[in-house]
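**Student:** Using the hints, put the two standalone chains together into the complex.
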Amino acid sequence: MKNSAIAILTLFIFGSLSAQIDTLPPTQDTAAEEDFSMYENLQLADQTQDAWASTKIFDLSPQKLISVGYDWQAPYTISSGLVNPLTLPPNKYKTDYETRGNHGLRLVFNIPVISKNRLTWTVAGNYWQNSYMKIDEVGQGIGLLYENAFRNSLYRGLRTTGLASTLFVPLNATRFILAQVQADVNGDYALNDFNKHLGATKVSGAFIYGKRPHDRLQWGLGVSRTYRVGELNYIPVLFYNYTFRNRKGGIEMLFPARAAIRRTFNSRNILLFGYELEGQSYSLKQRDIQVHFPETGENNVELRRGEARIRFTYEKSISGFIWLSVQAGYRINTAFNVDNTKVFRGFTGNQPYFLQNSIGNAPYAQISINLVSP
Amino acid sequence: MKNLRLLGTLIAVVTLFAFANKPMNGDRLNGVWQTGNGKAKVKIEKIGTKYYGKIVWLKEPIDPATGKAKVDKNNPDAKLRTVPLKGYRVLKDFTYKNNDEWGDGTIYDPENGSTYKCVIKMKDANTLDIRGYIGVQALGRTDTWKRMKTN
Chain A
1 MKNSAIAILT LFIFGSLSAQ IDTLPPTQDT AAEEDFSMYE NLQLADQTQD
51 AWASTKIFDL SPQKLISVGY DWQAPYTISS GLVNPLTLPP NKYKTDYETR
101 GNHGLRLVFN IPVISKNRLT WTVAGNYWQN SYMKIDEVGQ GIGLLYENAF
151 RNSLYRGLRT TGLASTLFVP LNATRFILAQ VQADVNGDYA LNDFNKHLGA
201 TKVSGAFIYG KRPHDRLQWG LGVSRTYRVG ELNYIPVLFY NYTFRNRKGG
251 IEMLFPARAA IRRTFNSRNI LLFGYELEGQ SYSLKQRDIQ VHFPETGENN
301 VELRRGEARI RFTYEKSISG FIWLSVQAGY RINTAFNVDN TKVFRGFTGN
351 QPYFLQNSIG NAPYAQISIN LVSP
Chain B
1 MKNLRLLGTL IAVVTLFAFA NKPMNGDRLN GVWQTGNGKA KVKIEKIGTK
51 YYGKIVWLKE PIDPATGKAK VDKNNPDAKL RTVPLKGYRV LKDFTYKNND
101 EWGDGTIYDP ENGSTYKCVI KMKDANTLDI RGYIGVQALG RTDTWKRMKT
151 N
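Note that the protein sequences, when read in sequence, are chains A and B.
Using the working numbering, the first residue of the first sequence is number 1, and each one after it goes up by one.
Using the working numbering, the first residue of the second sequence is number 1, and each one after it goes up by one.
For reference, chain B alone in the conformation it holds in the complex (with noise of 0.2 Å):
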């Protein structure tokens, strides 16, 4: 009976040591973060349940054809094109799922103006793999990120 009683506090204490510990696995993501091709940086932080991304440097920030700040001039909705890329949050609604993947979000790539579904992994403490997709993953691109050091 005592073994019992002590197995099942060991149970809980489990459980709840899981439930703690899951938002922290899925915080990992929050930080600074270079894309593969190191033209932009993309802060990454949670708001409420979710994550998000927002572009925070860019390699090339004046677009030369205005010689102005870049804009989101690709976005198909038309009062968006004069939004400055800079602070832009390209990455949306991302939530964890488990085994270091953040899924159910959304990437905005500024190049064509399209939103793609998209699913991140972590492949170490400084590695994303950003999927972006068309339906399934299998219509697909992966970009490779890399963690900045912001301290």
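Pulled out of the complex, with its shape left as it was, chain A reads as follows (with noise of 0.2 Å):
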């Protein structure tokens, strides 16, 4: 009897001291330092395990999770061009008109949906809005009725959005291959006739065979089919993502596309310089634009956006995992011309556009919160 009860009390003190311990600190919490050297030589305990590449290196910018942002660009005039009307004499027809900029939201998410060592598949999805402020006509000009309908559909905005699907697949412990392939919808749409554009969805994607010797550098060579000057084109693409030794910065790259310098205050702050490349190609499909362009069929007008973005980023933590990113910088037009849907120029291919537009460059600005991966 004496020693169950000693028993049932041992068992309620060692009871109450666990219950007490509700959590550790994160350091030693026994007097006697342990001696580490005792786990130098340990082996594999399956010796049959490979290694793989990791997806990332030491202090890449961080990847979002999950982003809303809003971008803004100051005004800038548009230089307005018939080229090709293809029931009209060869004319050119020129107007100039100024817009007092564009703007809008930029979501985006990325769910890993597999993430191991072996294998990391993630899905993407993007809604990007870029709407167009008051648009005065500065010039005299005639073939208005083309130009009109033109603006008519930047008035109503353009949108983008898009799904993606990225592959990471590591071969051994240094080498891996990148897929992606992205399908967005662009146009000149509201919610209420997105369906219309769905049959000008442009799939984009890129495959990429890279190593990773060692954990502060990654690089790859691949191909990529890319609207990214704003018409289709297949190009070459280097991949490369460097930490210097001492850990105070790197470069971030996926030429052309994108490069970057990174400098790395500490992990929770960094800043960015460098440049992006952005386009797409958008469905027109407003009545004007059926009406007044030549061979307006279902699909046939389509406006090849295209522009270089030099900028500074700065990204920072502010709680977590929650970060912040401002983005300042200059947006150097490439492309804005009005085309014909079925049109391949890829690097030599000089057929005229149904409107060839020239627009003024812009500082322009952009800000988002974002939830970053693990």
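Don't read these hints as lab results, they were simulated from the structure.
A hint or two may mislead.
[Unchecked claim] Quick list of in silico lysine-lysine cross-link-like pairs, DSSO-like style, CA-CA up to 27 Å:
id, chain 1, residue 1, chain 2, residue 2
1, B, Lys46, B, Lys86
2, A, Lys116, B, Lys97
3, B, Lys117, A, Lys56
4, A, Lys248, B, Lys86
5, B, Lys73, A, Lys56
6, B, Lys123, A, Lys116
7, B, Lys149, B, Lys59
8, A, Lys248, A, Lys211
9, B, Lys68, B, Lys79
10, B, Lys46, B, Lys121
11, A, Lys56, B, Lys59
12, B, Lys149, A, Lys316
13, B, Lys149, B, Lys97
14, B, Lys121, A, Lys248
15, A, Lys56, B, Lys46
16, B, Lys117, B, Lys59
17, B, Lys39, B, Lys70
18, B, Lys121, A, Lys116
19, A, Lys248, A, Lys316
20, A, Lys248, B, Lys59
21, B, Lys73, B, Lys149
**Tutor:** The structure is reproduced here in structure tokens:
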């Protein structure tokens, strides 16, 4: 009986002690230092297991799981020239007008569906708005029917809704394959006529074979099908991420789409300087476009928009996994032409556009709040 | 009646066995594990009723920037930035859930000073899937750890 009482008391005391250990500090709680040398030469319990190249290297700017952003461009002039009115005499018409800038929401998500050492599969989605503020005519022009139709599409706003799937497959401890396919619906649509644009979905993608020799370098070579300069092209790509030995900076590059040099102040503050090529081919389906442009079939008129953005980006953790990203720079136009959907120019094609526009360059800024990946 | 008594005894024995067996299953997590990138080894042990894991080996123990042993320099708590990484408790507060799964814990990433919610799944006796996540498990990343031979 006495023994039972002692046993119960002992259990109670130990139980109480256990319950008191809510958590432990991160450091050793024992007075005696552990002899860590005993862990030096341990072997794997299962020697058949392999190591796989990681998706990351040290200090890369954080991957954004969810991003809510706003993009703004300062006012600029659009000079619009009618080049290829197939049903009209081949005269050139030109009109200048000025927009008070454009702006729009940028929503992005990146969900790691499978994220393991042997395979990473990420599904991403994005929704970008590009709304053009009041557009004033600033010069005399002829052929306004065409340009008005185009302007009405810009007033309506251009939108991009996309889905992407990315696979990272390590082949061994240092080699990997990166494959991405993306489908974007770009156009002058609103929610109620989104379906009309599905037929003009643009599919792009990339395939890269790469190496990750150590924790501060990964690089690869591949090919890409892209709309980044506004219209379809097939180009070679160089993937290169490097962190300097002193860990104070590095390079993040997917050339020619983007490249940046990174300054790492600490793990929660980074500054990047570089550029990005941005572009889409938007299907234009507003009624005026259908009426006034020649050869206007259901899917025949598109705006090929391409631009280079030279910018500084500052990224900062504002609370745990919530990061603020502020970007400011200069947007340089590379293409803003109204085209026939079926035309493919590649590097050498010189087919004329319906409307050849040149637009002024402008400062721009972007701000976003992001939930970043572990 | 005799049969009923036998059945009752059987149920009691099985139940006792199940309860007695549960901590043993949980303790299979104990041991030394190598992280997915092979840069660290973590010793997991049970302290009280929970499981904790501390770094016991680093492939690169010296910080090239300082020439000294690596410390937790990215910790958001400035007081902890001089604490050596060797011996640092990166896994905390795990309890055994069942089906070779341990939960309710956190994992600390010294690379960026962030602490994530974490669930551990034992794929086989020598392999762990360690999933750190934010809020919901879908927003996370899994690292596969391998058991080291310790005797």
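**Student:** Each hint should be assessed against the structure and marked as holding or not.
**Tutor:** Results for each hint:
Restraint check: the Cα-Cα separation between lysine 46 of chain B and lysine 86 of chain B comes to about 19 Å, which is no more than 27 Å; the hinted pair holds. Of the pairs offered as hints, the one joining lysine 116 of chain A and lysine 97 of chain B holds, with about 22 Å between alpha carbons and a cut-off of 27 Å not exceeded. Distance check on the hinted pair: lysine 117 of chain B and lysine 56 of chain A sit about 20 Å apart at the alpha-carbon level, within 27 Å; holds. For the hint pairing lysine 248 of chain A with lysine 86 of chain B, the CA-to-CA distance comes to about 23 Å; that is within 27 Å, so the pair holds.
For the suggested pair lysine 73 of chain B and lysine 56 of chain A, the alpha carbons sit about 20 Å apart, so the restraint of at most 27 Å is met. Between lysine 123 of chain B and lysine 116 of chain A the alpha-carbon distance is near 12 Å, which keeps this suggested pair within the 27 Å criterion. Note on lysine 149 of chain B and lysine 59 of chain B: the hinted pairing holds, with a Cα-Cα distance of about 17 Å set against a maximum of 27 Å. For the suggested pair lysine 248 of chain A and lysine 211 of chain A, the alpha carbons sit about 22 Å apart, so the restraint of at most 27 Å is met.
For the hint linking lysine 68 of chain B to lysine 79 of chain B, the alpha-carbon distance of about 18 Å falls within 27 Å, and the restraint holds. Between lysine 46 of chain B and lysine 121 of chain B, the direct Cα distance comes to roughly 16 Å. Compliance with the 27 Å bound is thereby established for this hinted pair. A C-alpha spacing of about 18 Å is found between lysine 56 of chain A and lysine 59 of chain B, which places the hinted pair at or below 27 Å, so the restraint holds. Distance hint between lysine 149 of chain B and lysine 316 of chain A is unfulfilled; the C-alpha atoms sit about 41 Å from each other, more than 27 Å.
The hinted pair formed by lysine 149 of chain B and lysine 97 of chain B meets the criterion: a straight-line CA distance of about 25 Å does not exceed 27 Å. As the CA atoms of lysine 121 of chain B and lysine 248 of chain A are separated by approximately 36 Å, the hinted pair breaks the 27 Å bound. Using a Cα cut-off of 27 Å, the hinted pair lysine 56 of chain A and lysine 46 of chain B is violated, with the two alpha carbons roughly 31 Å apart. With a C-alpha separation of about 25 Å, the suggested pair lysine 117 of chain B and lysine 59 of chain B falls inside the 27 Å cut-off, and the hint holds.
This hinted pair checks out: lysine 39 of chain B and lysine 70 of chain B have alpha carbons roughly 13 Å apart, not beyond 27 Å. A threshold of 27 Å between alpha carbons decides the hint, and for lysine 121 of chain B with lysine 116 of chain A the separation of about 12 Å falls inside it, so the pair holds. Proposed proximity of lysine 248 of chain A and lysine 316 of chain A is supported: the alpha carbons are some 15 Å apart, at most 27 Å. At most 27 Å may separate the alpha-carbon atoms for a hinted pair to count; lysine 248 of chain A and lysine 59 of chain B meet this at roughly 21 Å.
A distance of roughly 31 Å separates the Cα atoms of lysine 73 of chain B and lysine 149 of chain B; the hinted pair therefore is violated under the 27 Å criterion.
Going down the numbered hints, you'll see the structure goes against 12, 14, 15 and 21, while the others check out.
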